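J.: Taken in order, these protein sequences are the chains called B and U. If you read the first sequence in the numbering used here, its first letter stands for residue 1, the second for the next number, and so on. If you read the second sequence in the numbering used here, its first letter stands for residue 1, the second for the next number, and so on.
Calculated directly from the structure, the hints in this document are not laboratory data. Note that the structure is predicted; figures quoted are calculated from it, not measured. Certain hints may be false.
Said to hold, decoys possible - Examples of chain B residues lying across from chain U (beta carbon under 7 Å, computed):
{"#": "1", "residue": "Arg-223"}
{"#": "2", "residue": "Ile-297"}
{"#": "3", "residue": "Leu-491"}
Said to hold, decoys possible - Computed footprint of chain B on chain U; a stretch qualifies when at least three of its residues, placed anywhere within it, have a C-beta under 8 Å from a C-beta of chain B:
{"#": "4", "region": "85-98"}
{"#": "5", "region": "106-116"}
{"#": "6", "region": "148-158"}
Glycine included, C-beta positions come from ideal geometry on N, C-alpha and C.
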Amino acid sequence: MAIQLAAVAGLLAGLLAGLLAGLLAGFFAGLFAGLFSICWVQAVMSMHWSGWQRHRGALLGPGLLALVLSPALIAPWLPLADPTLTEPALRMLPVAAPGHWLGTDALGRDLLSRLIWGARSSILVGVLATLTAAVIGSLIGLLAGFFGRLTDALLMRGVDVLMAFPYLLLALAIVAALGPGLSNAMLAIAIANVPFFARAVRGAVLEIRHQAYIDAARLAGHREPWIIVVEVLPNLVPTLLLLMTTTLGWMVLETAGLSFLGLGVQPPDADLGAMLGEGREFLTTYPRVAVLPGMVILMLVVGINLFGDALRDLLDPRLHDRAVRRKDRAKDRGEGSEKGSEEGSDRGSERGSVKGSISDALQDVSHRDDCHQGAFADAAIRNGSSLFAALAHTDASAVAAGNAVADGLALKSVDQSYDQHADAWANVSGRLGTASQPALLEVNALSVLVPGQCGPAIAVDRLELRLQAGERVGLVGESGSGKSLTALALLGFAPPGGGLEGAVRFDGNELLGLDAESLRDLRGRRIAYIPQEPLDALDPLLRIGDQLRGAIQAHLVAQQASFESTARDRAKAVAGSDADAGSSANVGLGSKRLTGASAGVSKPETLSDVGARVKALLAMVGLDQVRGIQRRFPHELSGGQRQRVVIAMALAHEPDLLIADEATTALDVTVQAEIIEVLDRLSRSRDRALLFVSHDLALVASLCERVLVLYAGRLVEDAPLEQLLRAPAHPYTAALLACSPELGRPEKPLAAIPGQPPAPRVVGLNGAADGFGGCRFADRCPNAQPRCEEQEPGLERWQDHHWVRCWFPLLRSD
Amino acid sequence: MSAYVLKRLLLLLPVLFGVSLVVFGVMSLVPGDPALAILGPYATPERLAELRAELGLDRRWPVRYGIWLSGVLDGDLGRSVSLERPVLDVVLERLGPTALLAGSALLLGTLLGLAAGMLAALRHNQMTDRLVTFGVLLGISIPSFWLGLVLILVFAVWLGWLPASGMTWVWSDASGLSAVPDIAWHLILPTLSLALVAGGVIGRLTRGAAIDVLASAPIRMARARGIPERRILLVQALKSVLARMTPVIGLQAGFVIGGAVYIETIFQWPGLGRLLVEAIAARDLLLVQGGVLVLAAAYVLVNLVADLAQHALDRRTRAA
Ligand code: SF4
């Protein structure tokens, strides 16, 4: 009786286990297939929008896959010879023999039939191994990630140990123990891949675990298993999908390899790996028997890998700008900026999982053509720190942009708008004046274009700027106003995929469109740049001393083409026999000082001077007392020390123009004050000009004599510091002042400006050349009138040296 | 000898311990009587009983593991049934050729991969980049055992330029230094078959790393300082890429060792990989166990070296 009971129980348990395993496998297989096809359709659809031209290669993957997969899938219904039927009389028939298109093998079996059945077997084994590895690996990863602590530590140490084995070796050992055979080989390969899945899934779970909705589920009284199944598992699906696709290729290769060694699929069953192994004997006499199966494996795996790449491009959460762009779009459609930014930060915390990416991608596809609704800027424009990240990595784009973009449709319409504002033009030239002293920097109608989804968008619009030697000017604006793009443009850097337009004359010579070598010569030697984040500005792998020496040596080598000489050659070429050309270039050369002013150290001329120069520079920024500083790495310094080093490097060649781009923003307040002091000291020179770019009016006030205010890429106010602080004429400047705790009038409460500045707009949007048509501040301006929406005000003289772009400038309130 | 090196060396111990545990554990997967599996069906009952006692099969597994481990630490990996020699002797004898093959393949693969990856990154989104990217993808997707056969077919069978099997010519009796050209000659094809595959993975990852590095703030800042492009690439960018790639190259050693199993089989290279395949065919389990243990330990050491190299390049790395 007891025995019978046990038998029944055993039977039931077996059935149940089988059912469960089947269900699980079926579930995963179905999921896999379903999502696979969804993603595939998406991939194809999105390719339509981003242009077939660029993605033609990606079609090769699905094509190859279809070529191999489709006959393999329908093999049982194809009119093929029995792949295991041996006919010794027909052995080694050549290609195109009657009845055997690809001939036969050593046992007279039809090669084509064996190839197709073999592919079927290889794919099946590979997919099964992947599924097994995924199921076991995810289970481990889930447990480790969700329960943490001891469970996590134990499981992950185990996984680490498995990873300490050379990939195939563990599988070999397992096969050796279990004995050769298809299922054993599959299991062995699967186990060897478990660590990979376990790690990735654990990472994804750790990300998901800290999301708000998991806490909510816990608070709602749900138990852990419920949470795992209902909340965590679905969010893991895209991650798993990606992992499985990218490992599938390996799995197919490795299982075929085991069969090749005779440890997997056993004869006479057809399998690509086993066929290769059998064909090896006849390599010299009948190479095709071994070569063909290998080619099919290659096609299959190339197809899978190409497909995996395309899938990764579509799903990878690290391709974040999609989310950022979506945020912009939401904002531009007026859905409320709070919601937009919330959504953005939400996305930002989701790195590990791919949750939402599919719907993101779908939205992307469906909204790709709604350019008319609003303007999209490149993600980089949104945020000051990533601005520098958007820097072009070659000068080629800057050079090309200067000319090529201008030839395009884009700037034709910008040019037209100048006619509309002919009076503004006159004013501008009045503002910049024709001083007796030639300007060090003269910027005329500088526009910076960034790539938008619907064409080039104008991030900086026809900026006019003039800087004399000895002058210290602040450039103020919110993040996204284009101030950092302006700073970089002055060094000849254009945003990637964007361009620069207009004229930037430095020391009398045009800078835009210069060749790479002349620009290089200019950068660091005559114009120096100090970026926001000192840790980014220094190479983490090089010692401080080496980096300083590198900066000095950059301009020691006898120059083949210097900025001045190239510009002079050009001027000559343009001016022909014009005698002025030569002399004006000489002014450029002559104005170049040969001795450093601020520290009284002469510029290094030879390599032996470099060491002394390094010491002098360190002393200049007050770092000479730090022991062994030259041998340290950047991460061994404090933030303030790092920024001092960056400043020292900027001063290595006593530049004529120093551009500090949010140079103190990343530092805490006390350090900030110290750095401002250093900058103040080192920029107080009759020969040097300082352009201090910042969002913080208070900082600007502590350093500069003149302030330019930038709003949404447009210069809106230009005034001497005193006057700007006392009586701002532009409503935006007034609002900025009111926001500043240091500068705001004490009796007024601290006020944030409601709303957000508009993103750069595509040329020609709304029928306007600049995409706006009216005053850009209009939707946030408390004084806006109907006229403001209709026509953009020009930059007009308000008082002596005070210029403002507003129809209704503020009168002095006191 | 910094704290990092010490810490990293200490971390080696638990990993090696775990590896030995897994290798031992795999043996317990053997269905039925392990002694019978090891000795085969023709073993005498006396020998079976002897081996059972030797393996401690009548005792609990921690005790068995202890016995086995102390043997391993004494250099006793058991006796190979098929070769009738101590496993350790056989394994050490075969380790040299495998190390030579795997080492030269890893070196060549690294050079190829780094060069291809850097080139693609420098020409990002241009035709060269696409060609390299596709070539690298081919490298990843190609079955190395098939590549080896094709190379034999082309260079040994059709062109007759290079030898297709063995490590030296059969008739050669050169030894010591005079055997070097001979071995080098035989090394070319197997190395190539392995290196092209390893180079694929390295090239793919190098490309990604180099694109990141070239677009990174320190590199762009160097451009803003007017540092010559050549110097930026050769000093800064290369160092960053190498620092990122060293651990990957270390991991790649694992793929090369695994791939050596196929390649040694195809090219009749007298290494450990081929030995393993033969041992599996002969059901010589102790030999398999010993071979896997030694190769795994070697791999762990290679990764240690890779980590130390990375630390030398980038001092910010910490021992986890
Ligand atoms: S022009 Fe009109 S909307 Fe613009 S700032 Fe002046 S008052 Fe405000």
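J.: Honestly, which of those hints from before does the structure not fit?
T.: Structure breaks hints 1, 4 and 5.
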